[in-house]
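Engineer: Chain order of the listed sequences is A, B and C. Sequential numbering of the first sequence, starting at 1, is according to my numbering. Sequential numbering of the second sequence, starting at 1, is according to my numbering. Sequential numbering of the third sequence, starting at 1, is according to my numbering.
The hints are simulated quantities; they were obtained by calculation from the structure and are not laboratory data. All figures in this text were calculated on a predicted structure; none of them were measured in a lab. Each statement offered as a hint is correct.
These stretches of chain B come out as covered by chain C in the derived footprint (C-beta under 8 Å, 3 or more residues):
| id | segment |
| --- | --- |
| 1 | 13-26 |
| 2 | 75-83 |
| 3 | 86-98 |
Idealized CB from N, CA, C, for every residue including glycine.
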Amino acid sequence: MKTILKALFALVMGVATVWSFKVPDIAYFQAPGFARIFLWHFPCPMLFTFLVITSAWFSIRVFFNPAGLKPETDAIARAEWDLRSVACMELSYLFALLTMATGILFSKVQWGDWWSWDPRQTSFLMVLLIYAAYFAVRLGYSDPSKRTAFSAAYSLLALLPALFLEFIFPYLPPIKLMSLHPTGSILQGKIKGEYAYCMILILILFVIMSIYLYKIRVRTGLIELELENNDAKLDAGRDSAPTGVVRPVSLSE
Amino acid sequence: MNSSWRAEILAIFRKEWRTEVRSLSGLLTALLFSVVTVYAISFAALNTKLQGTVIAGMLWVALLFSAASSLTRTFLAEEENGTADLLRLVARPHAVFWGKALFNIVQCVVTSSLLSILYLGFTSAPVPIPWLFGVSLITGCLSLAGAVTLCGAIAAQATNRSMLAAAISVPLLLPLVALGVSGMRVSLGDGSLSSGGFASVIGLIGYAVATLATGPYIYAAVWKT
Amino acid sequence: MPEGDPRHTIGLCALDQSVYSQLTVEEHLELTADLRGCPARIDELLKKIDLAYARDVVAGHLSTGMRARLKIAMAIQADPAALLLDEPGAGLDEDGRNLVARITSEQSERGCVIVATNDPAERRLANLELELAS
Numbered sequence: 001m002k003t004i005l006k007a008l009f010a011l012v013m014g015v016a017t018v019w020s021f022k023v024p025d026i027a028y029f030q031a032p033g034f035a036r037i038f039l040w041h042f043p044c045p046m047l048f049t050f051l052v053i054t055s056a057w058f059s060i061r062v063f064f065n066p067a068g069l070k071p072e073t074d075a076i077a078r079a080e081w082d083l084r085s086v087a088c089m090e091l092s093y094l095f096a097l098l099t100m101a102t103g104i105l106f107s108k109v110q111w112g113d114w115w116s117w118d119p120r121q122t123s124f125l126m127v128l129l130i131y132a133a134y135f136a137v138r139l140g141y142s143d144p145s146k147r148t149a150f151s152a153a154y155s156l157l158a159l160l161p162a163l164f165l166e167f168i169f170p171y172l173p174p175i176k177l178m179s180l181h182p183t184g185s186i187l188q189g190k191i192k193g194e195y196a197y198c199m200i201l202i203l204i205l206f207v208i209m210s211i212y213l214y215k216i217r218v219r220t221g222l223i224e225l226e227l228e229n230n231d232a233k234l235d236a237g238r239d240s241a242p243t244g245v246v247r248p249v250s251l252s253e
Numbered sequence: 001m002n003s004s005w006r007a008e009i010l011a012i013f014r015k016e017w018r019t020e021v022r023s024l025s026g027l028l029t030a031l032l033f034s035v036v037t038v039y040a041i042s043f044a045a046l047n048t049k050l051q052g053t054v055i056a057g058m059l060w061v062a063l064l065f066s067a068a069s070s071l072t073r074t075f076l077a078e079e080e081n082g083t084a085d086l087l088r089l090v091a092r093p094h095a096v097f098w099g100k101a102l103f104n105i106v107q108c109v110v111t112s113s114l115l116s117i118l119y120l121g122f123t124s125a126p127v128p129i130p131w132l133f134g135v136s137l138i139t140g141c142l143s144l145a146g147a148v149t150l151c152g153a154i155a156a157q158a159t160n161r162s163m164l165a166a167a168i169s170v171p172l173l174l175p176l177v178a179l180g181v182s183g184m185r186v187s188l189g190d191g192s193l194s195s196g197g198f199a200s201v202i203g204l205i206g207y208a209v210a211t212l213a214t215g216p217y218i219y220a221a222v223w224k225t
Numbered sequence: 001m002p003e004g005d006p007r008h009t010i011g012l013c014a015l016d017q018s019v020y021s022q023l024t025v026e027e028h029l030e031l032t033a034d035l036r037g038c039p040a041r042i043d044e045l046l047k048k049i050d051l052a053y054a055r056d057v058v059a060g061h062l063s064t065g066m067r068a069r070l071k072i073a074m075a076i077q078a079d080p081a082a083l084l085l086d087e088p089g090a091g092l093d094e095d096g097r098n099l100v101a102r103i104t105s106e107q108s109e110r111g112c113v114i115v116a117t118n119d120p121a122e123r124r125l126a127n128l129e130l131e132l133a134s
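Input sequences plus hints: build the corresponding full structure.
Structural biologist: The following block contains the structure:
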């Protein structure tokens, strides 16, 4: 059944790819014939944003487990939430890089330069740098519990400036005036007909692919965690000291 | 704020102040860095008359790196000197965060004021709207201090803590730099108040409020780690 | 574990615990009192740990033994219900070790003391022993 679904997904992705080359141009873009990268660009920042918010939610769960858990259970629960947070963050960064790459292609074709210092481009690069630092935090800690806690803290800290740069900064009036980046294309109905349907299909396919990749990443991570826990238990059994002896000390002068 | 919180925050601030005044290591390093940076960027301009935007941009880059290198020390030094455990035994996380943030705000205002005076002196740049310059600087310092204090707390227990603190604070401060530059350039005669001056100051205040409001809670979550 | 705020109910004095080398003895006790929200009792504590003469000396200029006494003072400042001492006699001379014995005796009347030690002589501080075999 899974094989059939995978084959079906590959087929639909193939159809979407071919369709993206075949859809009629839309006059909305400066160079309509070369704007098709938009169909692949559009889902990427949406998925990136959704995944960083989800990662932040899992980071909150790292800190707020149900009360009354035993320490070992609490540590395992935190590690699992951390794993989910990292899985989302890794996927989100992949989509962020794709956003930047497709955006650079769009910039070259539409505006004549690979990098135009367009406010949208610049602000998204800042977001990329902010989340690159997340991985730096993870690399900076070798102790797993510290790594979990501090990377969760950073994920929460980074969310506010990231959301500001994505949703507020580009829509500030002076920035909007300066920016060449299309705005309101979908909401104002400038993308319609076959173009819109192709775009929605690609978005759905990307969502399915993200869910699949997330599940694989989490499953792999859970297996790694279980192996680490088993190794730790074996090591503890080998090296553990016999339980202490409690005895009253005789009072001496 | 009840008297207990005020006393705790002031106790941390007083501790930071006394430690800094008696050792002078952080402050002197920050001041030296500021002076050298100002000289370097003024020298790089080669006596050219620069526009307000360029002056503001270069000044904010200097402020950014000065803050990232010096303000993170409040937390890093605790871990390096082994005194963090003493604080964990006797203090509450919110008080520790606020005390250190307050100290960083003061330190940032002092070093950025000196940096600005030196830079404007070296470049002979006129300041047509001095109050906007001052307000941009002060609100910028509030935002810088809030964000960098928390970055220091996050990086404090890492193996490569100094580098990590700088690596995580600089990207987070880039939006702040953008806001600061757009406010300061107006004060230096490039642009108008309505075109970006007021909006930038509001943005800086918003950034400061956001980081100082969420910072204590994020710090409290990693407090016992 | 004793109920209440651990800052007041638990006092800890550990071997590897550091103090602020730029702050004086008095300033350390002021700091811990302000942070705990308890009376500083500086004169009383300095007399108890016999450090009154070093009141205004910065911790960076104190000897190991004096620093150990300062840490003990900070640990007992809030009259904790539980006092945890890690190698309390390390770095102390005979007077210092007698001081530790006095403190543990007073503490045991008020609450409990847990001492972690490798020093056989410190066994006399306790009435119950937990030996961890290697």
